[in-house]
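Student: Counting in this note's numbering, the sequence shown runs from 1 upward without gaps.
In short, the hints are calculated from the structure, not lab data. A virtual CB, placed ideally from N, CA and C, is assigned to each residue, including glycine. There may be inaccurate statements among the hints.
To be verified - In silico DSSO-like cross-links for lysine-lysine, where the CA-CA straight-line distance does not exceed 30 Å:
id	residue 1	residue 2
1	Lys188	Lys227
2	Lys33	Lys5
3	Lys188	Lys5
4	Lys218	Lys188
5	Lys188	Lys33
Unchecked claim - Restraint-style ranges between C-beta atoms, simulated for each label pair:
id	residue 1	residue 2	range
6	Met1	Asp93	36 to 46 Å
7	Glu205	Val66	43 to 53 Å
8	Gly30	Glu205	16 to 26 Å
9	Glu226	Gly120	41 to 51 Å
10	Asp58	Leu89	39 to 49 Å
11	Gly6	Ala161	19 to 29 Å
12	Gly204	Gly120	17 to 27 Å
13	Pro162	Pro70	16 to 26 Å
14	Ala203	Arg48	20 to 30 Å
15	Arg39	Ser90	20 to 30 Å
16	Glu47	Glu226	11 to 21 Å
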Amino acid sequence: MPSLKGAVVLVTGANGGIGTHFVHQALARGAAKVYASARNPRVWDDERIVPLVLDVTDAASIRAAVETGPDVTVLINNAGASTPTPGILSHTDEEIRTNVETNFLGPLFLARAFAPILSGRTGSVIIDIHSALSWYAVAGIYSATKAALWSATNSLRLELAPAGVHVVGVHVAYVDTAMASHSSDPKKDPADLVRTVFDAVEAGEYEVLADDTSVNLKAGLSAPIEKLYPQLTAITA
């Protein structure tokens, strides 16, 4: 089974609420080093934490991260972007491209870049943070990019399994971070989310449904589309 003990971890979006917990909990579980990456990395008070400049939307930045972290054994694709309002048609080209490049292409290109490093390395893991909204399109472009990442994660899992790389996809609804500050819905504690993810990784699981919303939405995918989106029936009535 994969283990964090002795691991070298790279966390994207490490400055955020979820990313910060990934950094600290990885070390608490025995990681030897954590590359804490962000566009503007913060200062950490632990010599085991290495601040790393990384813009997941920039190819040169990804190449530099690979050169800096040839010892990485665990890649956590946590960085994400969202829009202040739902929908697709109402958003600008820039908003759409930012979501696609940050939520989908960034994690995909990082996984591709680190795959040669992770392949054949004992305990190697890729963790992709999806969303419950991967399965529920009410968030427009955000949902679309998370659905694309879910599909890519499934493909990467199949492709990398023969090389010994364990690929984990994580689904969760609202988490109590700045990104979800606009919502009054119940929110999961980011510390609890990260604990759940690492428990699943060390148990050898492939997919994490971190809350009831994610469980229910995945179960509902087999239902008629009108059941998942009852507003369609209301519109045509």
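Student: Evaluate each hint against the coordinates.
Tutor: For each hint, the structure was consulted:
1. Lys188 with Lys227: 26 Å, holds
2. Lys33 with Lys5: 10 Å, holds
3. Lys188 with Lys5: Answer holds: Lys188 to Lys5 is near 26 Å, not above 30 Å.
4. Lys218 with Lys188: 18 Å, holds
5. Lys188 with Lys33: 27 Å, holds
6. Met1 with Asp93: 36 to 46 Å: 44 Å, holds
7. Glu205 with Val66: 43 to 53 Å: Because 27 Å falls outside the window, the suggested range is violated.
8. Gly30 with Glu205: 16 to 26 Å: 19 Å, holds
9. Glu226 with Gly120: 41 to 51 Å: 48 Å, holds
10. Asp58 with Leu89: 39 to 49 Å: 28 Å, violated
11. Gly6 with Ala161: 19 to 29 Å: With Cβ atoms ~22 Å apart, the hint holds.
12. Gly204 with Gly120: 17 to 27 Å: Once the Cβ atoms are compared, 18 Å apart, the range 17 to 27 Å for Gly120 and Gly204 holds.
13. Pro162 with Pro70: 16 to 26 Å: The hinted range 16 to 26 Å holds for Pro162 and Pro70, with Cβ atoms some 22 Å apart.
14. Ala203 with Arg48: 20 to 30 Å: Hint holds: Cβ distance 25 Å, inside 20 to 30 Å.
15. Arg39 with Ser90: 20 to 30 Å: At roughly 26 Å between Cβ atoms, Ser90 and Arg39 fall inside 20 to 30 Å, so the hint holds.
16. Glu47 with Glu226: 11 to 21 Å: 56 Å Cβ-Cβ, so the 11 to 21 Å window is violated.
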